[in-house]
Amino acid sequence: MADMMTVRLKVNGVAHEGRCEPRKLLVDFIREDLGLTGTHVGCEHGICGACTIIVNGESARSCIMLAVQADGAELMTVEGLMQDGKLHPLQEAFREHHGLQCGFCTPGMLMTALDFLRTNPSPSDREIREGISAVLCRCTGYQGIVNAVRAAAATLRGGR
Amino acid sequence: MKPPKFEYHAPRTVDEALALLGRYGGDAKVLAGGQSLMPLLNFRLARPAAPVDLNRIPSLAFIEESVGRVRLGAMTRQRTIEFSPVVAQRLPLLKEATRWVGHLPIRTRGTIGGSIAHADPSAEYPAVLTALEGEVVARGAKGERVIKAADLFQTYLTTTLTPDEILTEVRLPAMAAGAGYALEEFSRRHGDHRHRRGRRARRAALQDGAPGHRRRGARAGAAARRRGDPRARRAGRGRHRGRGPESHRAGRSGFGHPRIGGLPSPPHRSPHEARARASDRSGAWLT
Numbered sequence: 001m002a003d004m005m006t007v008r009l010k011v012n013g014v015a016h017e018g019r020c021e022p023r024k025l026l027v028d029f030i031r032e033d034l035g036l037t038g039t040h041v042g043c044e045h046g047i048c049g050a051c052t053i054i055v056n057g058e059s060a061r062s063c064i065m066l067a068v069q070a071d072g073a074e075l076m077t078v079e080g081l082m083q084d085g086k087l088h089p090l091q092e093a094f095r096e097h098h099g100l101q102c103g104f105c106t107p108g109m110l111m112t113a114l115d116f117l118r119t120n121p122s123p124s125d126r127e128i129r130e131g132i133s134a135v136l137c138r139c140t141g142y143q144g145i146v147n148a149v150r151a152a153a154a155t156l157r158g159g160r
Numbered sequence: 001m002k003p004p005k006f007e008y009h010a011p012r013t014v015d016e017a018l019a020l021l022g023r024y025g026g027d028a029k030v031l032a033g034g035q036s037l038m039p040l041l042n043f044r045l046a047r048p049a050a051p052v053d054l055n056r057i058p059s060l061a062f063i064e065e066s067v068g069r070v071r072l073g074a075m076t077r078q079r080t081i082e083f084s085p086v087v088a089q090r091l092p093l094l095k096e097a098t099r100w101v102g103h104l105p106i107r108t109r110g111t112i113g114g115s116i117a118h119a120d121p122s123a124e125y126p127a128v129l130t131a132l133e134g135e136v137v138a139r140g141a142k143g144e145r146v147i148k149a150a151d152l153f154q155t156y157l158t159t160t161l162t163p164d165e166i167l168t169e170v171r172l173p174a175m176a177a178g179a180g181y182a183l184e185e186f187s188r189r190h191g192d193h194r195h196r197r198g199r200r201a202r203r204a205a206l207q208d209g210a211p212g213h214r215r216r217g218a219r220a221g222a223a224a225r226r227r228g229d230p231r232a233r234r235a236g237r238g239r240h241r242g243r244g245p246e247s248h249r250a251g252r253s254g255f256g257h258p259r260i261g262g263l264p265s266p267p268h269r270s271p272h273e274a275r276a277r278a279s280d281r282s283g284a285w286l287t
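Chains as they are written, first to last, in this note's numbering: chain A, 1 to 160; chain B, 1 to 287.
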């Protein structure tokens, strides 16, 4: 194993350190080295969006980032959404509105929706569809997800 | 798939990056936002000895307005451009085009310099650069040179940048206040890349306010029929060739539209509408 590099980063507020080859994808580092398997690996080329996480406050595909690129970064994964044993309003809304079935795309869907609502707190349905088009879902037909994001937007606007 | 083995460098300055490119003698590859190169690495279609990562060079990310033009650092993220007041005011075509680049989590990483240097014929920014007749700055071991859009793109994924050069800056002339514009895009699905290159064409065209110049725009629209050739998007320069059904339709609804007294009605469609159709079109003209 040539040229192992050290990666220090924060995930969901917790500091982590690991050593990996520079070619290691960030999503694999999160799952294999940090044991945080909530983030899913789908297409591995930036299309399906299942691996979307928050990197320094903005959503990004962790399958097309290298772990070494995240050295010094603050990440948030789906595991960081729940606070004090309480589901995040987005998670509540996805459960309430059938925003998931098999759950494979859900972590990416949630993290994408989180960044989307941060920059567009009062979206139209069209804008929601455009926002979540970043993530592919093969179960729901998207309608439940659109409903969930709309409901979560209302909750988040009202304050948690 | 996972990337092949490589050595990794994240220089802090352009000079350091240039030295690394020199050291690898053409076997290194510049890594910008990674939204195109990383998939290529994952598929092992690209096997550089070392990616030279520009993401830790802060001097490459800026948007500056100077007399009659806007300068954008090569590592300026698409998401930054999307929300930039300077871009909104001076380069509304660029702002409009940015909303079409990939998806939200792609634009947070993707950069203007990376998109232009990659020269994917299905990408928006090369079309905007040619339509606005902008230029890029490239730095190499021998110094700096300015390359006009027309002299930059050669063919699919190919520019006149040399392997030891780094695209550092994009310069676009500010659009005239009140200038009309439109962006048109053909794609089975918004935001995808690479899958349907042969069936996609994106174009951006502009024209001056004078009615006499309208034909110039129409010719630019027709020129995009030469799909795949980035030069086809150069406003007012392309030659009329072929009769693709899409461009024919676009010509009628866009430049060729008889409604004057201001703007022709651009066949603009939101990404959402475009996605909802089997044969999409969207448009961007400048009047």
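Please note that the accuracy of each hint is not assured.
[As the list claims (entries may be wrong)] Residues of chain A placed beyond 10 Å of chain B at every Cβ, according to the derived structure:
(1) Met-5
(2) Thr-6
(3) Lys-10
(4) Val-14
(5) Ala-15
(6) Gly-46
(7) Thr-52
(8) Gly-85
(9) Leu-87
(10) Gln-101
(11) Thr-112
(12) Ala-134
(13) Gly-144
[What the hints assert, rightly or not] Quick list of simulated restraints, FRET-style, between CB atoms:
(14) B:Ala-176 with A:Asp-125: 46 to 56 Å
(15) B:Asp-151 with A:Asp-84: 54 to 64 Å
(16) B:Arg-44 with A:Glu-17: 26 to 36 Å
(17) A:Asn-120 with B:Pro-163: 34 to 44 Å
(18) B:Leu-157 with A:Arg-157: 39 to 49 Å
FYI, nobody ran anything at the bench for these hints, they're computed from the structure.
Yeah, the Cβ is synthetic: ideal placement off N, Cα and C, and Gly gets one too.
Verification of the hints:
The Cβ of Met-5 of chain A does not lie farther than 10 Å from every Cβ of chain B; its closest approach is about 7 Å, which violates its non-interface assignment. For Thr-6 of chain A, the condition that its CB be more than 10 Å from all CB atoms of chain B holds, with the nearest at approximately 12 Å. Every CB of chain B is more than 10 Å from the CB of Lys-10 of chain A (nearest about 18 Å), matching its label as outside the interface. Against chain B, the non-interface label of Val-14 of chain A holds: every CB pair exceeds 10 Å, the least being about 23 Å.
At the 10 Å boundary, the C-beta of Ala-15 of chain A stays outside the reach of chain B, the nearest C-beta of that chain being 20 Å off. Taking the minimum C-beta to C-beta distance to chain B, about 5 Å, the non-interface status of Gly-46 of chain A is violated against the 10 Å cut. For Thr-52 of chain A, the condition that its CB be more than 10 Å from all CB atoms of chain B is violated, with the nearest at approximately 5 Å. Distance to chain B confirms Gly-85 of chain A as a non-interface residue, since its nearest Cβ pair spans about 28 Å, more than 10 Å.
With a closest Cβ-Cβ approach of about 22 Å to chain B, Leu-87 of chain A is found to remain outside the 10 Å limit, as its non-interface label requires. In this structure Gln-101 of chain A is separated from chain B by more than 10 Å, as the shortest Cβ-Cβ distance comes to about 22 Å. Its beta-carbon lying about 6 Å from the closest one in chain B, Thr-112 of chain A breaks the requirement of being farther than 10 Å from that chain. Once the 10 Å rule is applied to beta carbons, Ala-134 of chain A is inconsistent with being away from chain B; the minimum gap is 3 Å.
For Gly-144 of chain A, the condition that its CB be more than 10 Å from all CB atoms of chain B holds, with the nearest at approximately 18 Å. A C-beta distance of roughly 35 Å is found between Ala-176 of chain B and Asp-125 of chain A, which places it outside the suggested range of 46 to 56 Å. Separation of Asp-151 of chain B from Asp-84 of chain A is about 59 Å and conforms to the stated range, judged on CB atoms against 54 to 64 Å. Our hint of 26 to 36 Å for Arg-44 of chain B and Glu-17 of chain A holds, since their Cβ atoms are close to 29 Å apart.
Range check, Asn-120 of chain A to Pro-163 of chain B: Cβ separation about 41 Å, and the 34 to 44 Å hint holds. At about 44 Å, the CB distance of Leu-157 of chain B to Arg-157 of chain A agrees with the hint of 39 to 49 Å.
The structure fails hints 1, 6, 7, 11, 12 and 14 (numbered hints given earlier, in ascending order).
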